[in-house]
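Asker: So you can see what is in the structure, the chains are spelled out below.
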Amino acid sequence: MFSRNLFGCLLLALAFNATAAEFEVGQKDKQFSMSSLKIKAGDTVNFVNQDPFFHNVFSLSDVKTFDLGSYPQGQGRKMTFNEPGVVEVECAIHSQMKLVIEVTK
Amino acid sequence: MRSAFKTLLWLVALGFALPASAAEPGQAGPEEAYKDVRGYIVYKTHCVLCHGIHAEGDGRAARNYNPRPANLRLSDKNDQYKEMIIRNGGAAVSRSPFMPPWGQELTDEQIRDVVYYLGVINVNSKTVSQR
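First to last, the sequence lines map onto chains A and B.
Here the first sequence stands for residues 1 to 105, where the numbers follow my numbering.
Here the second sequence stands for residues 1001 to 1131, where the numbers follow my numbering.
Simulated from the structure, these hints should not be mistaken for lab results.
This structure is a prediction, so every number in the text was calculated from the model and none was measured.
Backbone N, C-alpha and C define an ideal beta-carbon position, used for all residues, glycine too.
Don't take every hint at face value.
Now the stretches of chain B that chain A is said to cover, found in silico as 3 or more residues with beta-carbon under 8 Å [to be verified]: (1) 1044-1050; (2) 1058-1064; (3) 1092-1100.
If you want the ones that stay clear, here's a sample from chain A, every Cβ over 10 Å from chain B, calculated [to be verified]: (4) 26; (5) 34; (6) 80; (7) 83; (8) 105.
Modelling step: build the complete structure from the supplied sequences, incorporating the hints.
Answerer: Rendered as structure tokens:
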């Protein structure tokens, strides 16, 4: 009985991992590489700094509030979005940088 | 004729020299006043998000952080320290890693100006003319 349940849980976990995707968003020339992105709940976005100076990623959206800190060229920071809704992502160093992520169920 | 020309030259030279020393004691000269304004512009553009419009550590992003961004009006740090943390970021001085390094974004003059502005608004600082 126990091993059956365990097997079921493993299957569920595998199924969840199989559906979760990872997206990459570049930060280049003081802009995000896209202005909007549609993802599903559970997906991860990797923000990669392609500029020769520091970038930051943060959001004050109700759906997801976070700050991934500041990081130099070549480095990236990942964030997983579990709740559906609209997340506005910004850079604290370059206020003109805006990205809207739509997270669907 | 020659002495009149000489007098004219002196008057012109005096005219150039006057604005630099026109400020009354206890008042900021024009250059200092501009430094103050330039610093305010830098602050408003880059620092308000976290430190707030009144520099009290209550910007719109402040709720993201624990500890909260510093109340810069109450700061007891000297200008050299402020310049260092602005230039190199919080992590470089073992403070909040969320304070970005601004050294690549701001010019030396902008950093000096914003440090000057922070001194002007600091409740513990000396008056502008004494700085």
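Asker: Work down the list of hints and note, for each, if the structure agrees.
Answerer: Consistency of the hints with the structure:
Using a Cβ-Cβ cut-off of 8 Å, 4 residues of the stretch 1044-1050 of chain B lie near chain A, which meets the minimum of three, so the contact claim holds. For the stretch 1058-1064 of chain B, the stated coverage by chain A holds: 4 residues have a C-beta nearer than 8 Å to a C-beta of that chain, and at least 3 were required. Check on the stretch 1092-1100 of chain B: 3 of its residues sit with their Cβ under 8 Å from a Cβ of chain A, so the three-residue criterion for coverage holds. Once the 10 Å rule is applied to beta carbons, residue 26(A) is consistent with being away from chain B; the minimum gap is 18 Å.
Distance check on residue 34(A): its Cβ is at least 23 Å (rounded) from any Cβ of chain B, clearing the 10 Å threshold; non-interface status holds. Against chain B, the non-interface label of residue 80(A) holds: every CB pair exceeds 10 Å, the least being about 17 Å. At roughly 17 Å from the closest C-beta of chain B, the C-beta of residue 83(A) stays outside 10 Å, upholding its exclusion from the interface. Distance check for residue 105(A) against chain B: the nearest CB is about 26 Å away, which clears 10 Å, and the non-interface claim stands.
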